[in-house]
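Top to bottom, those sequences are chains G and E. Residue numbers for the first sequence follow my numbering, so the first one is 1 and each next one is one higher. Residue numbers for the second sequence follow my numbering, so the first one is 1 and each next one is one higher.
Simulated from the structure, these hints should not be mistaken for laboratory data. The model shown is predicted, which means the values in this text are computed figures rather than measured ones. Treat the hints with care, since some could be wrong.
Straight line, CA to CA, 20 Å or less: simulated DMTMM-like cross-link-like pairs of lysine to aspartate or glutamate [as the list claims (entries may be wrong)]: (1) G:Lys599 x E:Glu245; (2) G:Lys609 x E:Glu245; (3) G:Lys452 x G:Glu426; (4) E:Lys248 x G:Asp490; (5) G:Lys609 x E:Asp379; (6) G:Lys311 x G:Asp490.
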Amino acid sequence: MAYKNFTVETDADGFALITWDMPEKSMNVIDLSVMDELDAVIDQVAGDDGIKGAVITSGKSAFSGGADLTMLEGLLKDFHVKRGDDPEEAAKMLFEGSRKLTLVYRKLETCGKPFVAAVNSTCMGGGTELALACHARVVDEDLKMGLPEVKVGLFPGAGGTQRVMRMADGQQGMQFLLQGRTLRAPNAKQMKLVNEVTTTKKLVASAKKMLAAGLDPVKEWDKKGYKLPNGKVYSPAGFQFWPAANAIYRRETFDNYPGARYLLHSVVEGLQLPMDLALQVESRYFAKVLQTPEAANMIRSLFVSMQELNKGARRPEDQRPNKIKKIGVLGAGFMGAGIAYVTAQAGIEVVLIDRDQEAADKGKAHSEELMGKAIKRGRATEEQKEKLLSKITATVDYDQLAECDLVIEAVFEDREIKKTVTEQAEAAMKSRAIYASNTSTLPITSLAQASKRPKNFIGIHFFSPVDKMMLVEVIMGKKTSDRALAMALDYIKAIKKTPIVVNDSRGFYTSRVVMTYIREGLMMLADGVPAAMIENAGKMAGMPVGPLSLGDEVALDLAWKIVSATRKDLGVKYVEGPLDNILEEMVVKQERFGRKNAKGFYDYKGKDKSLWPGIPDVVGQPKPAESFNIEELKQRLLVMQALETARIFEEKCLTDVREADVGSILGFGFAPYTGGTLSYIDMMGTTAFVDLCKKFTKKWGPRFKPNKLLRDMAKENERFYGKFAPKAEAAQKDAA
Amino acid sequence: MPEAYIYDHVRTPRGRGKKDGSLHEVPAVRLAATALEALRDRNGLETQKIDDVVLGCVDPVGEAGGDIARAAVFAAGYDTSVPGMQINRFCASGLDAVNMASAQVMSGQHKLVIAGGVESMSRVGLGASGGAWPIEPQVAIPSYFMPQGVSADLIATKYGFTRDDCDAYAVESQKRAGKSWDEGRFSKSVVPVKDINGITILAKDEHMRPETDMQSLASLNASFEMMGSMGGFDAVGIQAHPEIENVKHVHHAGNSSGIVDGSAAVLIGSSTAGRSIGMKPRARIKAFANIGSEPALMLTGPVDVTEKLLKNAKMEMKDIDLIEINEAFASVVLRYQQAFDLDPQTVNVNGGAIALGHPLGATGAMILGTVLDELERRDLNTALVTLCIGAGMGTATIIERV
């Protein structure tokens, strides 16, 4: 039988080798055609007396990237169309459509013939669930196995929740499912999710050896007398485990993520049932999760949009691709050193320059340290470390920039210093080379005044720590050319980060919005909200840290400087507020600068921190917690950021809704379950959002006044993703 | 509407709820039967006149399962016409049994009912009956499930009670309990548990340690710290009460209620029923109420239910002479006193569960009896009895001497 995505070859022993190799794709993904064909392949294996067992392997350099999420989007569209007429029928259709893969895998598991998954390298989501449905798994040393569905607001809904919890230790299994972590081969084996680890070359042979040894085609859980590895849910052991699992779910998610929530429901209810019913219950919850706005928004921002941006959605089409061989980094401090590391990791040569050799060497040592840690964790080898370090030249010699395609400046946020290094670097650089500043707040157009070639001058704003933060904010100065933009985007693609492109202004996008979050926290202090309540409101709203904590991280003296500078710039127009008083008292009188001097809104002792008991002395005694509504506090913190984003969008500093959303989540951790700052507004509806802004304006101050764009959109309840729908060709061309 | 009166009440002593506890050898149904027998024998009751036996039991499984009230009717040798039912509202079950029996009488459908409760924690085990509340995400998550000890610590944190406050309260409870035994204040109602030969197994509460002082309590480690941090429950509490930065863990075995075995029974009937058995009523069930309260704090239900009850009964706190609030944890009582600005000299005057122990299903009926005896001893009139309850509930009853 001929298939488009699979080949089936049966050897003399009667073992079928099913090779999954999708045409015109770099990675195997599960789409409708794969599901249909896999179903037929299983029938073929089950129905052919000459076939005794089967091995499923990949014809590509990795096993599978999982399900094609656009397939789910299609199902959802049908659901929404039908829901108006017949909600129950629509739900049934979604339930049945979304459990198709579950039934294919279950058929494989119960067809009577043994299947071994021979898994090479990456194996994600539906790919992992396929492997788990097989009767054994042999993997290569390069394995990266995961069920990352929770990260896009879903959960593993093709048997993943049920099979993992029937195979692994309870705690490890729950962590694996709830965190969506990626497992390496030794961990996967230790967790009993795989049976054997071997080299890539020996995968198929090892798998066939398992078949030859008489692999049981009936799973333990399909036999009489099966006992769950972690005991029954309703047992003394279960009473030790599940209450804590529920609590830890809340601790980690603040109950903001229906995907994680229903994952837990599915596991607890499923473990009390035989497998077929367990899978049915899992499917019911999966269909429910699919309908949530959180899942839709997360899929759109964190899967579709992110992929489009990664693939160069904003790259000028007429620019030839750049092959970047060598870049320069000016300033070997924490940022510069991080940039050097991620660049060298991408195989690009780096000239790392600082004022003296010692400082430059220290910057290079950062890479050594990071690689050392990776080696300790078994994620890198000594050889890789040497190779990476050989790419970095630490020096004081600007002449070494002569061969660089791109030079990134990461010196202090001081115009004079920046001016000096710009001139020094340009003197040595090729005339066509691009010069980028890693400034986080200074307008690029003004920095470009120090340049002889302002067309070649661009902003490439990294986030700290560079090796962990996936976003890079590219800033276009007034004179910045498309060629410079193409270079920046090609570079960001090479280092495997996600770019957003914004137009020049003070604070650009991310820094500007982050400051409003911190400011709102301070305003709450002034309103008499207890400090802990402000911090918890931030975290409960879905932010990674509370606003006061973030203020401490950014540094209060820096915030004070910014406020003072703004006041100076605006002169008499500046309206002094409680913000000025709080910051002045904290910084000038109390010398509490934040994390950097271990004194801010928190007291810092090593890794521990606790709120400074002196806060009421600065801001006044807090009012009783009962006088504030926690839901409103959460909303204030999110609405403020979303509103600022809408303003930036109206000012055309941001031009693409996808960049606003992806940038907000990746750049400053804006409540991921919302899908990002603009998705948050869309989710609420612009009319409701503007009403809320008006209410907050009355109650909390004019900073909540909605801008014109929003007011106009609110009239017809227009959505950002409707009015400013991004062109989606880039995505369609090369999905998955 | 007929009134419901209390004619008599008895309880067993409370045995330590462990394998070395004196009542460990005694089956739960025998504990319950002991109370029923005592009520019958000391009052010469003709048991066929009893319309129902309502017993609270919080872990009604195994030997305590399958309607232990009807089982106790047989074990006590009551007339077979006496039915029985077991009820469960966690820690207030014993008081709810009294309230339900009273409601039967007030409605005129029953005339004479025995209400009470039983728990053999040493034999059946705390939490043995399981349940969806902590386990099923669809319940545990919206109800902010936490172990009660963590909730008690959350109450202390929220309302500002320190470890010393809680320990001092515990010391006082022990002192009061010790003094009450010394002065024989419990002797009217405690009936010994005896073996088949009439040999006494236990005649006195054995959990108390009247010699307890601040120093001896100071050596105890907080019991719920690990649970709170490792189990994630502190975070649950904070999300329900976000003005709290950290939960301060102040409770331990010495300022929490003791795990014990025991049972109690209260004879409740209408005035005509009293005449027919030739007994005089000792008190009237004036009013009772139930409520659901904030589930993360879980144990502040007594405050809410007291407000509701006083309002329903058109009474004020100043109308109440003595208060009996179950000492599940020190912070529960401290919060209750704080909420109503009470004089501690009117609350749990004979000590409470921190000293004497808390046989879950029986406690409500026990403390109702204790405070009635005390009203009589002091010749006071009105008392309010209340208990905090798992999953955030409160039950309260007001009795009045007649």
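Tested hints:
Between Lys599 (chain G) and Glu245 (chain E) the alpha-carbon distance is near 17 Å, which keeps this suggested pair within the 20 Å criterion. Restraint check for Lys609 (chain G) and Glu245 (chain E): the C-alpha separation of about 11 Å stays at or below 20 Å, so the hint holds. Between Lys452 (chain G) and Glu426 (chain G) the CA atoms are separated by roughly 8 Å; this keeps the pair inside 20 Å, and the hint holds. Simply put, Lys248 (chain E) and Asp490 (chain G) have alpha-carbon atoms about 53 Å apart, too far for the 20 Å limit, and the pair is violated.
At roughly 56 Å between alpha-carbon atoms, Lys609 (chain G) and Asp379 (chain E) are farther apart than 20 Å, so this suggested pair is violated. With a C-alpha separation of about 10 Å, the suggested pairing of Lys311 (chain G) with Asp490 (chain G) holds against the 20 Å cut-off.
Figure legend: structure checked against the earlier numbered hints; hints not met, in rising order: 4, 5.
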